[in-house]
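There are 2 protein chains.
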Amino acid sequence: MLYNKKLTIEYVGTGFAGWQVQLNARTVQEELNKALTKMYKKKINVIGSGRTDSGVHALGQTASFRTERYLEPEAVHKGLNSMLPEDIAILNVVDVPEDFHAQMSAVSKTYLYKIHASVNRSAIYSGRVWWVKDTLDENRISELLKIFEGEHDFSSFCMQASLKENNVRTINFAKCYMDDDIICIEINGNGFLHNMVRIIAGTIVEAVRKGYDENYIKNVIDKKDRNEAGPTAHAAGLYLKKVYY
Amino acid sequence: MLYNKKLTIEYVGTGFAGWQVQLNARTVQEELNKALTKMYKKKINVIGSGRTDSGVHALGQTASFRTERYLEPEAVHKGLNSMLPEDIAILNVVDVPEDFHAQMSAVSKTYLYKIHASVNRSAIYSGRVWWVKDTLDENRISELLKIFEGEHDFSSFCMQASLKENNVRTINFAKCYMDDDIICIEINGNGFLHNMVRIIAGTIVEAVRKGYDENYIKNVIDKKDRNEAGPTAHAAGLYLKKVYY
Numbered sequence: 008m009l010y011n012k013k014l015t016i017e018y019v020g021t022g023f024a025g026w027q028v029q030l031n032a033r034t035v036q037e038e039l040n041k042a043l044t045k046m047y048k049k050k051i052n053v054i055g056s057g058r059t060d061s062g063v064h065a066l067g068q069t070a071s072f073r074t075e076r077y078l079e080p081e082a083v084h085k086g087l088n089s090m091l092p093e094d095i096a097i098l099n100v101v102d103v104p105e106d107f108h109a110q111m112s113a114v115s116k117t118y119l120y121k122i123h124a125s126v127n128r129s130a131i132y133s134g135r136v137w138w139v140k141d142t143l144d145e146n147r148i149s150e151l152l153k154i155f156e157g158e159h160d161f162s163s164f165c166m167q168a169s170l171k172e173n174n175v176r177t178i179n180f181a182k183c184y185m186d187d188d189i190i191c192i193e194i195n196g197n198g199f200l201h202n203m204v205r206i207i208a209g210t211i212v213e214a215v216r217k218g219y220d221e222n223y224i225k226n227v228i229d230k231k232d233r234n235e236a237g238p239t240a241h242a243a244g245l246y247l248k249k250v251y252y
Numbered sequence: 008m009l010y011n012k013k014l015t016i017e018y019v020g021t022g023f024a025g026w027q028v029q030l031n032a033r034t035v036q037e038e039l040n041k042a043l044t045k046m047y048k049k050k051i052n053v054i055g056s057g058r059t060d061s062g063v064h065a066l067g068q069t070a071s072f073r074t075e076r077y078l079e080p081e082a083v084h085k086g087l088n089s090m091l092p093e094d095i096a097i098l099n100v101v102d103v104p105e106d107f108h109a110q111m112s113a114v115s116k117t118y119l120y121k122i123h124a125s126v127n128r129s130a131i132y133s134g135r136v137w138w139v140k141d142t143l144d145e146n147r148i149s150e151l152l153k154i155f156e157g158e159h160d161f162s163s164f165c166m167q168a169s170l171k172e173n174n175v176r177t178i179n180f181a182k183c184y185m186d187d188d189i190i191c192i193e194i195n196g197n198g199f200l201h202n203m204v205r206i207i208a209g210t211i212v213e214a215v216r217k218g219y220d221e222n223y224i225k226n227v228i229d230k231k232d233r234n235e236a237g238p239t240a241h242a243a244g245l246y247l248k249k250v251y252y
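Heads up: the sequence lines are chains A and B, in that order. Residue numbers for the first sequence follow my numbering, beginning at 8 and rising by one. Residue numbers for the second sequence follow my numbering, beginning at 8 and rising by one.
Take these hints with a grain of salt, some might be off.
Remember, identical chains collapse to one label, so a pair may be satisfied in a single copy or spanning two.
Stated by the list, open to error - Restricting the straight-line Cα-Cα distance to at most 20 Å, the calculated cross-link-like pairs of lysine to any residue (SDA-like) are:
id	residue 1	residue 2
1	K45	I228
2	K248	N197
3	K140	N99
4	K217	H241
5	K140	L91
6	K248	R128
7	K225	G157
For the record, the hints were derived by calculation from the structure and aren't laboratory data.
Just need the whole structure built from these sequences, with the hints factored in.
Here it is as structure tokens:
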């Protein structure tokens with residue numbers, strides 16, 4: 008029997024080449040692997056709920072790992088936070104059944120996308136929020152986001168090289184609200200294609216700026232062609248907020 | 008006659024060795040000097056309202072500079088924002104009378120100090136907020152801050168090497184409020200000694216954690232000795248919020 012644990016992880020993506028281990032680059036997964044390997048004195052490789060790209064942040068990424076030796080969750084929590092660099096923090100550690108798998112067991116995920124819509128640039132938001140040099144009506148964004156809810160083929164909203172055989176996903180909700188002067192787009196779905204949230208955000212911002220209506224968005228979805236959608240919004244605005252099991 | 012301009016500047020201090028130009032280090036003043044020298048095609052050296060230390064942020068630092076050639080404030084504003092790196096942003100540019108001096112003309116300044124008081128570390132706040140691994144009662148902080156209001160000799164709250172002949176300053180207000188889960192300390196005064204806000208913050212946090220009362224703070228002030236005060240709070244929590252003229 009192996010012991011299995013689930014980690015909930017917060018990180019600032021700015022200093023990382025993304026989640027997944029790669030040669031000659033600093034990644035979140037590798038920092039976790041290093042700390043856990045040291046703690047358990049045995050090679051450990053954590054499984055994330057999914058990758059995040061370079062510059063993308065997480066408020067609640069999850070990962071799981073199995074071990075032969077048992078350590079108390081609280082000890083792992085404290086130990087990791089004392090070993091990890093300050094741009095990664097462990098929010099929670101719990102014991103989970105042996106068959107739990109951070110990626111395969113996930114039911115849905117919520118992503119948050121932050122936009123600062125202003126003619127003036129902000130330094131404080133740099134690296135944390137996407138700056139759009141314009142004013143944007145958040146009610147209009149809400150209206151256009153509604154079109155994404157439900158089951159759709161999201162081929163238009165996927166980096167072309169990452170297209171899969173099946174690009175149908177279900178969006179449970181897509182909403183917009185203000186947090187101070189930041190426009191927040193929140194999308195929960197049963198799965199996301201590569202760059203999907205960023206291409207949705209980029210397409211909606213372009214549509215609002217150019218005054219395109221609902222039919223434009225519907226048409227982009229129908230075309231199943233990345234070239235029909237808008238630009239990929241900046242990585243710095245994207246946060247993996249929560250993974251549901 | 009020379010034309011004189013006042014800049015209002017926002018910056019994230021993390022990537023800078025502070026405000027003031029120094030050899031072999033990236034500073035905010037030097038970035039501004041470089042951009043303005045390029046724009047005016049003449050060597051320009053901006054005068055700041057005061058220095059900020061390495062890692063300290065600004066929401067409203069001010070600086071002034073004089074030139075023989077006149078450029079419209081709006082052109083300088085746009086030009087600077089297009090030339091400056093993303094961790095510095097110009098918020099405002101205005102024409103000011105020839106005798107205006109960003110440092111000498113300042114009447115008061117407001118500093119903001121941010122504290123995350125929690126047993127759990129946050130990655131998102133790293134570099135932007137001081138983490139205190141404890142819970143803190145913000146009402147108690149407010150009460151202790153009140154003692155600093157008015158005119159006092161702040162020798163206990165100054166880095167020893169930076170003591171001046173006259174260390175008497177007037178604090179117009181010192182208050183505390185919550186912004187989400189962040190404890191914000193805001194202090195407005197007619198002048199600040201080196202590290203004064205950070206030593207006040209560090210002393211108050213220590214007093215609250217150890218249950219010291221008002222008399223402890225009064226005594227620290229009376230002693231006029233840096234060794235009587237608490238630790239210097241982390242640079243990352245400090246923001247120069249506004250300079251009044």
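Okay, the hints, checked on the actual structure:
1. K45 with I228: neither (47 Å within a copy, 47 Å between copies)
2. K248 with N197: within (14 Å within a copy, 43 Å between copies)
3. K140 with N99: The answer is between: 16 Å across copies meets 20 Å, while 38 Å in one copy does not.
4. K217 with H241: within (19 Å within a copy, 45 Å between copies)
5. K140 with L91: Cα proximity of K140 and L91: across copies only (16 Å, versus 36 Å in one copy).
6. K248 with R128: between (25 Å within a copy, 17 Å between copies)
7. K225 with G157: Within one copy only: 13 Å inside, 63 Å across.
Hint 1 alone, counting from the list given before, is not met by this structure.
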